[in-house]
Structure formats: C-alpha cells, structure tokens
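Novice: Listed below are the residues making up each chain.
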Amino acid sequence: MRPILMPLLACLFAIPAGPLVAADEAFLDLVAPVLARRCLSCHNDQKTGGGLSMVDPQRLIDDGYIEVADAGSSHIVELISPSNGRAEMPKDSDPLSAEEISAIRSWIDAGAVLPANVQIQAPKIADRQWWSLEPIGSDAEGELRTIVDERLDAKLAQQKLTPLPPADPVTLIRRVTYDLSGLPPTPQQVDAFVAQSRDDPAKAWRDLVDRLLAAPEFGEKWGQHWLDIARYAETHGYDKDQPRNNAWPYRDYVINSFNSDKPFGQFAREQIAGDVLADDTSEGIVATGFLSAGPWDLIAHVEVGEGKLDGRIAKHLDRDEMAAAVFNVFQSTTIQCAQCHNHKFDPIESEDYYRVHAVFAGIDRANRVYAGLTAEQQRHKRALQQERDDTTRQRDEAKKTFEQKVAKQAAAIDPQLDALTQKANQFTPPPQHGFHSQIAARADVVKWVEVDLGTAKPIDRIELIACFDDFNNIGAGFGFPVRFKVDVTSEATLTDQNATTIFDQTADDFTNPEATPVNIDVGGRAVRIVRVTATKLAERRNDFILALGELRVLSPGDGTNVAVGAEVHASDSIPPNARWSPRFLVDQRYHRLSLDEAEAKQWKQLREQRRAIVAAATTPEYQRQIEQWTKRLAEIEQELKAIPAGQFVYAVATEFPKQGKFLPTNGSVRAIHFLNRGDLQAPGARMLPGAPELWPDGPSRFVDHEDYDEAEARVALARYVTRRDNPLIWRSIANRIWQWTFGKPLVGTPNDFGRMGMLPTHPELLDLLAARLRDDRDQSIKSIVRELVCTNAYRRASFADGFEDITRTNLTIDASNDGLWRFNRRRLTAEEFRDSVLAVGGTLRTGDRGGPSFQDFVIERPQHSPHYEYDLHDPNDPASHRRTIYRFVVRSQPQPMLTTLDCADPSISIARRDESTTALQALAQWNNRLIEAMAKRFADRLSAETATDDEAVRLACRLAWGRDANEIEREPLATLIAEHGPETLCRVVLNASAMMYLD
Amino acid sequence: MNAATMHRRSLLRQGLGGLAGIALADMLHREDATADVVLHHPPKAKRVVQLFMAGAASHVDTFDYKPVLEKRNGEPWDPGETVELFQSQPGDCFASPWKFKPYGQSGKQLSEIVAPLGDVVDEIAFIHNLVGKTGVHSQGTLLQTTGFNLPGFPSAGSWVSYGLGSENENLPTFVVLPDHRGFASNGAKNWGNAFLSASHQGTVLRPSGKTPITDLFPPDSDFITPESDRAGLQALKQLNAAYAARRPSDDRLDARVRSYELAAAMQLSATDALDLASEPQHIRDLYGIVDEGSHVDDTEINAKAETEFFGRKCLVARRLLERGVRFVQIWSGNDNGFPRRNWDSHENVARDHGPLALGMSRGAAALIKDLAQRGMLDDTLILWTTEFGRMPCSQGSEGRDHNPFVFTNWMCGGGVVPGTFGESDQWGFRPRDREDATTVYDINATMLHLLGIDHKQLTVRHNGIDRRLTDVHGHVLRDVVGG
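Those protein sequences? They're chains P and Y, same order as listed. Numbered as in UniProt numbering, the first sequence ends at 999 without a single skipped number. Numbered as in UniProt numbering, the second sequence ends at 483 without a single skipped number.
Some clues are possibly wrong.
[Stated by the list, open to error] Below, a list of computed lysine-lysine pairs in the DSSO-like style, where the Cα atoms sit at most 27 Å apart:
1. Y/K237 <-> P/K47
2. P/K423 <-> P/K400
3. P/K631 <-> P/K641
4. P/K91 <-> P/K400
5. P/K308 <-> P/K400
6. Y/K44 <-> Y/K71
7. P/K936 <-> Y/K369
8. Y/K369 <-> Y/K99
9. P/K485 <-> P/K457
10. Y/K101 <-> Y/K369
11. Y/K456 <-> Y/K46
12. P/K400 <-> P/K604
13. P/K405 <-> P/K381
14. P/K91 <-> Y/K99
15. P/K631 <-> P/K485
16. P/K631 <-> P/K400
17. P/K936 <-> Y/K237
18. P/K661 <-> Y/K101
19. Y/K133 <-> P/K344
20. Y/K456 <-> P/K344
21. P/K91 <-> Y/K369
22. P/K423 <-> P/K405
23. P/K631 <-> P/K604
24. P/K631 <-> P/K405
25. Y/K99 <-> Y/K304
26. P/K160 <-> P/K91
27. P/K308 <-> Y/K369
Simulated from the structure, these hints should not be mistaken for laboratory data.
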C-alpha cells in the first residue's frame, strides 16, 4: 500500500514509510500543505486542470513544471508568481503568500526531493474532539426543574450575579400564555390565575401550565417554530412562483405532532422516511413534506429537464437543499459546506456530502396521494397512465412510419402542394377561431350547434366554414364533423317535428373541406334557426370534438350575412376564451384562402391525389391497428376518470404523473458522482448512500451496491439521524426547546454546532436536557417544556423596582443575560402580533383549525406567473380571520406587514428570527389596513361590553396588554377616547409597546 | 475610523450569534452612524443605481457589435461545438435587426436602439465577457441580484445597506423601483435581506401607485382623520416613552419610540422625493416623462410608453439619490407573461427589444447627464445588468434563445474608468478568451471596492459560514477602477 499523505488542518501528517531526510521534511512540512490546500482541488485525478494532477507530485517534475534545482527556470514558479496582485495560478483566487512561494522555490532549488511514493490528498478534518460530537454525558438524577435552577444559580453565584425576584402573576400568565399558545390570556383567565395564586401559587402555576400544554393552541404556537426551520411555504419560489395547493397537510402534521407530543425520534424519522417507516402510512407520507418544503425551480425541472446540463444542475441544487435541511435541522451540522471541498472546520469530507446526495437520488418533490385511494387504486391508476403513455407512443411511431412511407410516394407532388398550401394559408388566421364543443371520449356522441336569427327571414344559402387551428398541425379544417346534417326551421325552437333537413351527410364520411366553404342551397325558404348536428365527431388526438369556424346565412339578392351577431346555442361548449366562443361562430371573422381560382383548383387536385396515395398506402392491418389503439386510449381515459382523485400532499415521491420534462424515477436512483468543486462537468467516482462519521461507530455507509433501493437509503439515513448514540440530534432539539421556552438558546447558533458555531453557555444543562429527552420512553417534548417553565429561572422578572442598582451591576458582568439573571423580555413575533390583533377584537376564529390555508391576497394572472396582490384583499373577510399559522405562505411576494415584523423567510431554514425595529415596521403597524379594520372591530367590542369611557379604556388594556393601564398611561388614553373615539384608542393600544413586548 | 472601531463593529455584528440588535444599533446610533461606518479604503462612490433588464437583454443587439452576423446572416451557425440551449436548437446566424454606428471620441459601436446613450458613451465602462452559470431565468436573476443562483441570500443592495448604513434615516437605505406591470422572476427575493436584518431589505417604491410605499399613509377610513392620526401618535409616544422609562437598559424600547418619529419623517421625505411636478420641464423632457404618466397606452408595446415607464423611475432614482438613498434598483421588464413586456425575446427580438431598449437608453442617458450636471456622477455608480445575454443564432426566424455563456454589463460614474474591458468572441457566443471571463463576483467586488469596501471583509456568519456577497470568488476589475 502506498503511504498516503494527509495534511490535516493543523498540518498533522501521516508519516510515510522509511526514514525521513531533511529534504523530505521540507516538502512535507512546507510544500505539500500548500499544494493540497491551494492547487489540488483543480489538479487531481478526477479534475485535471491543464492536464495536470498533483496527487502524485512526481508529475510536476515529469511534466516539466519543475526544473530540478532551478526555481528561476521552473514553469510552476512563473505561474504562481504574482504581478499586480494577480497570479496566473491559482486561477480565480488569491495568489500564494510570499512565504509559500519562497518555500516552493527553496524546495526546488534544493533539488525538489520527494519522499518515496508520496501522495497528496485534500486537507480534511479528522478531529472529532469537539463538544457537540462527544457522547452526551449526564448523570444528574432528580427533578429536572430543580437541577436546572441549581445549575443556573450556581453559575450566577460564581459570576457574582444577583437574580431578579419572581415576576408578578399578571406578568407571568401573559408570558407563559404567549410562549405556549401564541395568544394573549383573556381578562377572565388573568383574574382567575391572580386569585388562585393568592391561595396556592404553586398549584395555580401547575394548573395553568397543564392547561396550556393540553390545549390545541400549543401545537399552533410550537408548530410555527418548527415550520421556521423546515423552510415551509406554499409556493415553489423561483420563476413563476406557482402555488403548492397540497402543501398544508404537512403543516397540520407538524401541529398535530406537537399537540399529541409525538416521541421526538419518531417525529424526526417520519420526516425523512415516514412513507416507508411509519405505522400509519398516510401520516408518514405527509411527514415527508419536510423534505419537499423548500423552494423548487419549476422551469428548470419541467421545461429544461435532466437531458440538459442546466436541468442536471437544478437536480443537484434540489438534493443539496434537502441534504442541508436534514443536517441543519436534525444534526445542527452544516454539511452543505462540504460541496466544493472537505469541510474546513468540521469532520465532514466532500465525499460524505455526495453520499447524502445518493440518499436522495431517487426522489423528487411532487404531489402524492396520502389518503382517499387504496394502494390497489393507486397502482391501477399508475398502470393505466403508463399504458396510456406507451400506447400513445406506439401509435405515434406507427403513424410516423406510415407518413414517411407516404411522403416517399408523394415526393413528386409534395413540393408543389406545400407551396400552394403555404400560399393558401398566408393570411394569418384570426385569433377568434369559432365554436368548440366539449370533448367527447367517442366519435359517435351526437353534438349540435345552432344559430337563431331572431325572426324568420328568406334565405338564399348557408355557408359552413371550418376552423383554422394549429392544434397538432391540422390547420384548416380543424374539428369539422365527419358526418353531419343541417336542419332549419322558421319557428323559434327547432324540434323533430318542425325541422327540415336541407343537407344530410350522416350515412357516409364527408371529406374535410379545409379552407373551402361548404355551400348549402336553401332556395329562398324562410328560416329562423339553422342547426348543424354532428353524428360522427372529428378526431383530435385521443378524443373527439365538434368545431366550426363560421356559419354564414346569406339573404337572397345582396348576399348579406344575416347571421352576424345572432344568438348561438349548442348542445355544449367549452368555456369561452380568447380563441373559442359560440359567438365567434357568427362574428364574420374566419379563415380565408388566398389563392386565385386556378390555383385553388390545382390545390384541390393535388390534395385529392395525395389523399389517394394515402388511401392506397393504408393497409387494412394499419387501419385496424390505429383504430384499436385509439379505442383503447379512449377506454383508458374513461377508466382513469372512474378512479377517485384521492387526497394529495406535496411531499417526496418516486411515482407521479410526468409534467413536461419532469419525470418520475419510479424508484430507480440517479447515479450520483463525486463532483470536484461541485462542478457537474467534472464527475468523479460513483457515490453510494451514506453520511459523515460524526461519532464513533456511527453507521456511515448505508448500502454497498449500485442498484440500491432509494427507500432503503432514506430509512438508513432516518435511523442514522435518530440513533441513541448520535450526540447531535438530542443536543440539537434540547437546545431548540430551551430557545423556544426562554427566548434564547443555550447554543447561539442552533443550526450549527460545529467549530464555526457558538459554544453552549451551559453545556451541562444542554446535555441534561438532551439525555432526559433521549432516554424518556415517550421522548416527550411537552414534559421537558413543563419542567422548564416550572423553574424559578423562567418565572424571574425582566425588571423590578428597587433592583435598579443590581441590574446595573449585573449588566456590567453579563449584559447579554446568558446567565438568566432576569427574564429575557421579547417582542411579539409577527404571527403573535397578527393573532392578537384579531383575538382582542373578538374576530379570531380560534376553532377553525387545519385544512387548506386562507389567503390574505388576491391572485391576479394565475395562469402564468401569479401576482399575489395583498393590497386587494379585504381585511374584513372572515375567511382570513384564522390564526396566522394557517396562512398561505408565498415565497416570492412575502406578506408585507409580517415581513416588517421579521417573520421567517421560507427560502432558508431560520433557526433564530431577527428582532428588528424599523420605521417601515412602525408604518405597517400604524397604517396597515388590517390594523385599521381590527381597531374598528375592537372598538365595537368595547362599545358593546362597556358603558363608560373609563371602562372602555380599562377593558382595551386588559384585553391587549393583559393588565389595566397604569396612572401615567390612563390620562392620554382617556383624552384620546374622549376626543377621537374608541377606534383611535384601539389603534393606539394595538401599537403600544405594552402590547408588543412581553416582560 | 480605526481598526478598533472596525473590530467593535464586527463584534457587534457577529457576537450576537443571530442578528438581533444590528438594525437597532444602526437606528439608535444614528447621530454617529457615519462615524460608525468603517471603510476599508477611501471610497470613490457613495451610492449605487442598478439597472436590471428582466428577461435577459441581448448584447448583440445593443452594446456588443458583431459585424460577422451581418455578413453571415441566414447562413448556418457553426461555433465549432455542440451547444445546448434553453428552449431551442441553435438556428442560423441572425444579424441584429438594427444598424450599429460609432459614437463619442472612443468610436464605440452602439445599435440604433441604444443610440441615446451615444451622448454619454465616453463615460461608460463596457464589460462584454460576463458569464453566467445556467440559462434558467430564476437562477440567472438571483445570481445577478444576490451573487448566488439559489434563493436564501441577501441582495447586493442589502449588503451595501449593511456595509454603509444610511445617509438619510428618513428614507430607506435600499429602494427598489419594480416594473409596475409585475415583478421579474423570483419577485421580492431579488431585493430580500435574507439573513441580514430586515432594515436592509429593499423597500419597494411605486412612483405611480396610490401608495408609493406600502402602508406609508393611513388607509381610507371613517375614523382616521389628520387630527385623530396626530393625536394618536402623540398619545402613543407618551405611552411608549413611559413604558421605556420604566424599563431602563433596554435600547429596543427607545428605538421603538423613535421608529414612529422616523415613520412620520419618511412620509414627508418619500412624498417629497416623488414630487416630480417640481422638476422643470426641460428635465421632465430629458427623461421622456409624459403627462399620461403610467396610463400611457401600451396595448401594443411601444417606445413612448417604455420611455415614460423607465424614465420616470430614473428621475425618481435621481431624487432619491440626492436625498441620501444608498442603493436604488430599477427594473425594466416584468414576469415572463404574455403579451411580453420584458426582454425575453424568444419569438421576436425586433418587437420587444426595440421599444424596451429605446426606453431604457433614453432614461439611463438622462440619468447619467443629469447626475453629471449636478456633480453627482463622480460619486454615483450606475451598474447596468441583466440575467444573461441572448444567442447570436436565431430561434424561430425572429427570436433569440438564452445565452448564459457570454453577455454584457456596463458601469458608469462612481470612479470607473470608461472604455471597453473584456470582449466576447466574434459571434458574441462566449468570451473571446475563455480562460479570462468576468463573473458577477468580479462586478460585485468592483462595486464594493468603489464604495470603499473590501469584498472579502464584508462578511456575516450564517449557519456556520462566513457569507459574502462574492461567495468565495471575485476580483476587483483593476482596469475599471483605474488601478
């Protein structure tokens, strides 16, 4: 075996076999690390920039880059020496430092001695001596809340910090109600708690916490925390940003999982491979909405596709997005840093990153049935879709072969025919094509369309003009009936009794007239209604229709078309659009030929000749085959219609109906290759599913064969992530639970526990929580939360009268309050603010939980790139008076008011929200239409429930702030209501810091 | 400004782990905000206007003259390699429908549809060898606006806002003037703050809209009157000031009091900035403003309407820049809907590019001249870009498909050296020297350099990575900045 040189971050080297000489050391210590760090990523065995690989450094000498013992004449020195701050190499990067260049020069001058059989490898971190990768250690026994307080207090004492006293009951109930439900407490709840606290504060608190944890609002509050990190939204993002109407079941899954206190390990596993693993398959499928929750580039997947490099780049970005999500959220690990090179700080190799890609190599983001269809029905449906695609392809191929055969035989006439056809069609057909019936599955469905002239008039003749439509390159004659008749009557309604058939072509097929009008003589008869009845419809592709371009009814004498603008009725028609409408049948706009008489005659003759060639070439066998396929395709459509739609969730799937170039893998996996510097044009070795070995004995290679099952790989990843000995996941969730309770995490970077992240302020507490959660049979998040809110630390005041000096002293020691000597005052989140505004006005529909999202915008131009217009939404629309977690989250056009209040950007995993204070935020809170509308509703409520201004002010504050106004506050509020009415009072109350902040 | 201040500021920015507190710091320390901004070297530019042509503007029909296309028009196009295009198979050589001729002292060749820029062509630095990453609109647009071809990263304007702070607290630091007919690909993601504080997001301003900034003024209401509005704000100030006073050592609460004062000031400043009536007629004419405003007929795409739409935004931009806005992003072209009102001329270059380019070049030329006559061109950088270029070969008979392999950017003012830097090959298909292409990283590094910022030092740690506008790439274009 060749010794492998492995320069580590701190230049730790594997010692090559054999005794070291000084020249070896110069290379190993000074030169090799530079080559590994600065050159190898573009010059290796997979990616040989300029045809050079440095894995074997001997090549530098053999290929003439180095003149041994003469640095001055060595090409490599020329390449790396900068002029004007830039060197030729490394390309697109900073030049090497002067020391590095000088080391290389000295080594060359000294003879460029290489140790025997040395190889250069990319630098990597092998060091797992890092707090988050160590086994979770906690032997503390006893009640969690007690230990937490003991540990916190010990540290406070050590830092000479004096904690503030407990907060008063009014503050406490408001704090914990928002933290656990996201809503304000009602005045009744406040009063009851205050009263109960006087008798038995411990029991009052216990009861309150139990009530909040048991209420469905808990999931609506904590679910939002999870959706923030899960980058959940209901549009694709990118170009067009089309809606994902089936994303919401995942949102409900998250809320329900928090409410049912689902064991955390199960919660995590389901979101990676629930469709394979879960006992309840429906729920498991929905859970994988986690993997699909991020943005998706519709154009690149559907219009470009994997056949092109851009499409493959999109697939790569898609897998990168999933890999980052899983590792950021569950492992607090930034695996995405290892895309172009080994992770610079954490023990993750670039290969590991591509192993994770291989886990996701068989899935795509797509709508998937999770309920309402049996497995058998789903299989049947997919089989039918498959058969439809196969049959269509067979038929198209047969037709193509046939047409090629015909083209050969018609070679003599085709050029002339084509020229005449082109001339005939040189007038652009009008965009208003004409009448179009609904689509029928069979040709023999009877359909009709009629024109009512309003009164009976003498008529000379009737002209039927076929439509011109480009559908399937048919051109003139599109949809013209194969068999049909024309009936007329002078009465107001055409019946079997009064109808006169003036043209009958129901016994034989009628040759498609294409651009030539079909003239039917009426002979001066009085006519009011003209009806065209098709008894054999025109074939489109797999279905049948009746279409007609223009129906002209001409008077004797001057030949006026009296049908213009007449009423048109039909057995059925497609919804009117720019091209098709019954009224376009009588709009005097139709396709006309542009040939003179002789040309028209010649054209007709040529077409007849060609038809004859076609007829002669048509073998009975061919005809039978085509008919058989067509019939089968119609049957398949019928059978598909008979299968119920089922309920869909936007999740990950291997089977789904194809959409443009977006094709299902059907369970097979895309071959994932190691990519040098993330470049798809520089693929290296095939990679198989696995994950970084972040802790000893972790199962980091999931399969060992190339034709693996993608489900098997995802299950392995789900199990890897949730293993008991995985130190990261339990610490990760413990940190988040602490953050969502105390408002600030123990580790300041909840998505990154690596060396670029922050250190835990209380590592022993983090481990304590992590171990408790992991070892709890139910892995219950609620029981941890219950313990935390019952600590003294949680119940501390955020400020206290008489503690001003202590506060000042504490601030000099611990300004960021890492030690929790006081409670962290926080601003309401965007969702809490909106929910509260609705709640205090009495308009929040608290019971309206789950299901499709409400939209607080109007969609304009939905067909292409939907415009999500928030300005057009009516803030009084009760459908939108639901909790904000049920809103339809748009990626490209975020909700303006919530955005100013720092709601999460769903393009990325948001572990901690910003808490900004800006003028735009003030404008939104002061002027937004929702606030204006809800101030009025709030005022209505005050007027209904109170008799005096004083009472109104009191109730307003109790509802919105959880407390009565104090002496300083009462005066301006009283003046305001007296002079400007309750609405203005409410507008101010909703904007007050007393509303926006939680003490 | 010294190293210690720099250190303090970077601690302030990074030490909080998240970003809470940064906007706050900016707001609270407004008085010494400029003192707090630490530049890495003396700046040449103080502000930026980014002109973005949504849909991908053709370089070979505007700024990058390719005589060979005229010579070989209609002949098969053979670049000597297999070419994979977004929608189509490469068609024949396709000459620009427009004539080119030389302008200025430099004799720079411009097409007739950008002829208005001929007057100022000697002020412009053209870069004809930009390369993109893919030919997908969403990715190309994000790459040019944020430096990354996937969502989740701050816009260049947000980085500038973050790096330089505000010159005028009564207006947003970063203002966006979208095409009023719709947002381009990715919508607001093109001016999003992503992981920077919300105070650095681009604020959409609609010069012709009923409310130019969302929620700038109260909505129609039967209880909000100027009196009740004023009285309400007065009471609110008392309440919030009292709330803050009772809770010392929490800067956020004071900032919140102040935020309402700034909001009121912004109402005045924004209104004032948009008051184009105060502009003299010759200035309105310079920018091609017409009396119909945004109601000018554009049922059929036409140069008059496009000039009005783009020119109005340019004039508003100048007024915003005068009032201390740091970064203005102006869009020409909406989403890829129909009828086309953007530069994505797959079907017909002549139909779309003609009016769009005439409108754009008239507005851009007016802006350059107007800034120059006010002495502001020296420290205002104008950057013209688009998501990628268009092919030298035809799509159908009159259109061009996407060309991410090479396209044009230009810069003007703000200390840039005029001229032509970097060339495309004879076709305008790829860079002339494929080993020496310019990337958006280089453009952004150059922009930051002109603003006094070293692009490698303007970083924010997010999810374990020290993020930069220029990712791990980028070189300042030394020739463009004059050494």
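Novice: Decide, hint by hint, whether the structure agrees.
Specialist: Now the hints, each set against the structure:
A hinted pair counts as satisfied when its Cα atoms are at most 27 Å apart, and Y/K237 with P/K47 does not qualify at roughly 64 Å. Between P/K423 and P/K400, the direct Cα distance comes to roughly 25 Å. Compliance with the 27 Å bound is thereby established for this hinted pair. Our distance criterion of 27 Å between C-alpha atoms is met by P/K631 and P/K641, whose separation comes to about 16 Å. Taking the CA atoms of P/K91 and P/K400, the gap is about 52 Å. The hint is violated against a cut of 27 Å.
Simply put, P/K308 and P/K400 have alpha-carbon atoms about 26 Å apart, close enough for the 27 Å limit, and the pair holds. The straight-line distance between the Cα atoms of Y/K44 and Y/K71 is roughly 43 Å, outside the 27 Å bound, and the hint therefore fails. Under the criterion of a C-alpha separation no larger than 27 Å, the hint pairing P/K936 with Y/K369 is inconsistent with the structure, at around 51 Å. Taking the CA atoms of Y/K369 and Y/K99, the gap is about 24 Å. The hint holds against a cut of 27 Å.
Simply put, P/K485 and P/K457 have alpha-carbon atoms about 21 Å apart, close enough for the 27 Å limit, and the pair holds. With a C-alpha separation of about 21 Å, the suggested pairing of Y/K101 with Y/K369 holds against the 27 Å cut-off. A distance of roughly 19 Å separates the Cα atoms of Y/K456 and Y/K46; the hinted pair therefore holds under the 27 Å criterion. Using a Cα cut-off of 27 Å, the hinted pair P/K400 and P/K604 holds, with the two alpha carbons roughly 24 Å apart.
Pair hint P/K405 plus P/K381 does not hold up; C-alpha atoms about 36 Å apart against a cutoff of 27 Å. Note on P/K91 and Y/K99: the hinted pairing is violated, with a Cα-Cα distance of about 38 Å set against a maximum of 27 Å. Between P/K631 and P/K485 the CA atoms are separated by roughly 25 Å; this keeps the pair inside 27 Å, and the hint holds. For a cut-off of 27 Å, the pair hint linking P/K631 to P/K400 stands: about 19 Å separates their Cα positions.
Taking the CA atoms of P/K936 and Y/K237, the gap is about 21 Å. The hint holds against a cut of 27 Å. Annotation: proposed proximity of P/K661 to Y/K101 is violated, straight-line Cα distance about 43 Å (limit 27 Å). Note on Y/K133 and P/K344: the hinted pairing holds, with a Cα-Cα distance of about 25 Å set against a maximum of 27 Å. At roughly 17 Å between alpha-carbon atoms, Y/K456 and P/K344 fall within 27 Å of each other, so this suggested pair holds.
As the CA atoms of P/K91 and Y/K369 are separated by approximately 39 Å, the hinted pair breaks the 27 Å bound. Taking the CA atoms of P/K423 and P/K405, the gap is about 26 Å. The hint holds against a cut of 27 Å. Distance check on the hinted pair: P/K631 and P/K604 sit about 31 Å apart at the alpha-carbon level, beyond 27 Å; violated. This hinted pair checks out: P/K631 and P/K405 have alpha carbons roughly 24 Å apart, not beyond 27 Å.
Between Y/K99 and Y/K304 the CA atoms are separated by roughly 21 Å; this keeps the pair inside 27 Å, and the hint holds. In summary, the hint linking P/K160 to P/K91 is not supported, as the alpha carbons are separated by about 55 Å, beyond the 27 Å threshold. At roughly 45 Å between alpha-carbon atoms, P/K308 and Y/K369 are farther apart than 27 Å, so this suggested pair is violated.
Consistency with the previously given hints fails for numbers 1, 4, 6, 7, 13, 14, 18, 21, 23, 26 and 27, ordered from lowest to highest.
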